[in-house]
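Trainee: So the protein lines, in turn, are chains A and B.
For what it's worth, our numbering labels the leading residue of the first sequence as 1, then goes sequentially.
For what it's worth, our numbering labels the leading residue of the second sequence as 1, then goes sequentially.
Worth flagging that the hints you see were computed from the coordinates, not collected in a lab.
Check each hint, because a few of them may be wrong.
Result set (SDA-like, lysine to any residue): computed pairs, CA atoms no more than 25 angstroms apart in a straight line [claimed, not checked]:
1) K154(A) with H45(B)
2) K171(A) with R78(B)
3) K192(A) with G49(B)
4) K154(A) with R78(B)
5) K144(A) with D166(A)
6) K61(A) with R78(B)
7) K61(A) with H45(B)
8) K171(A) with F204(A)
9) K144(A) with R235(A)
10) K143(A) with E47(B)
11) K106(A) with Q37(B)
12) K6(B) with K154(A)
13) K246(A) with N12(B)
14) K206(A) with V169(A)
15) K154(A) with G49(B)
16) K154(A) with N12(B)
17) K199(A) with K106(A)
18) K106(A) with I53(B)
19) K144(A) with E114(A)
20) K106(A) with R77(B)
21) K246(A) with Q37(B)
22) K143(A) with Q37(B)
23) K61(A) with G49(B)
Spelled out, the chains give:
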Amino acid sequence: MNTHNSSWRFIPFSLNSAAVNMAIDEAVLDHVAQGISLPTIRLYGWSPSAVSIGYFQSLQKEVRLSVCQEQHIDIVRRITGGGAVYHDTTGEITYSVIAPESYFSKGILESYHEIEQPIIDALTQLGIQAEFAGINDLIVNGKKVSGNAQTRRKGVILQHGTILFDVDVDKMFSVLNVGEEKIRDKFISNVKERVTCLKSFGTFTKNDCLKQLEESFSVGKNITTHALTGAELQRIQEIGNHYASKEWVNSR
Amino acid sequence: MIEIEKSHKVVNGKLLHVRLNIQEPQNNHPATIVRAQLTGDFFIHPEEGVLRIEEVIQNLPTSISIESLTNKVDFVRRNHHLQLIGFTPFDVASLVREALDEYA
């Protein structure tokens, strides 16, 4: 990763609605592409709890819509591919890395690993041995703790991912439809066996985890904490409604 | 018009799901795929490339071979400089062919 001596912005953890979270990622991508915002690392959460589905996924197939409606769970479609994610307001941490493509390897898999390495390093500091698995997952003891998704637009990489801190797995799979096909090559009989949460591996808090992630993502970078710019906030207002629209969420 | 669908989890890859609308044979015209939609947890860079893959499957006769389908999807991949992650053109072709075989 070619990030030495480059200036970065860190945006501290905040809770936002699903549409606003996705609008922030896109607005920052646009402004990094134009060279008017610094490459950015964000930590964030979702309020209310939400399901995000991948760019190519079928809403009807992936999400139990009636359960989401009953439980006031937001639904949003991402501009990145990958699978459906349940973002619990209290038990999940999401991150974004948004930077010029030239900062990372051209190879997609290599760049996933480069961007996810600070998460592995943060977990190591918390006493958890995580490793890469498959194309875009991180696992601990063979179980998934993080899923990641990347897009490349306008010369910029946007990678965001979920880190399961303390998620109610029963609730997670009450809102996500995971067919048998998905786990057929995983040598497990129940999808709930496939995931785990960081909280099961120590006595640290979510704040400890956030602090460690900030530290690990900052290594080797000239990084300072800044809020979103006025131009970014204006762009978020413009595109926020698009992410909230039925046309976008139902587009597949 | 008939709608058919089929899913396949690529080993060590991603889940592919295809939905096809089939126009049944009429007036000496063979059965034809009139609409194709590919969904799943895969990645395509750039993402809009999925529309090009769906387009190339549309208007094909349901008798098309797996080899022809693979070649067509691969042509789109090369022509539009698409990166497919978690599946190959052959995976799409074999899924479409399996769906069509079930319809037949």
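Trainee: Mind listing which of the numbered hints don't hold for this structure, in increasing order?
Mentor: 2, 3, 6, 9, 10, 11, 12, 13, 16, 17, 22
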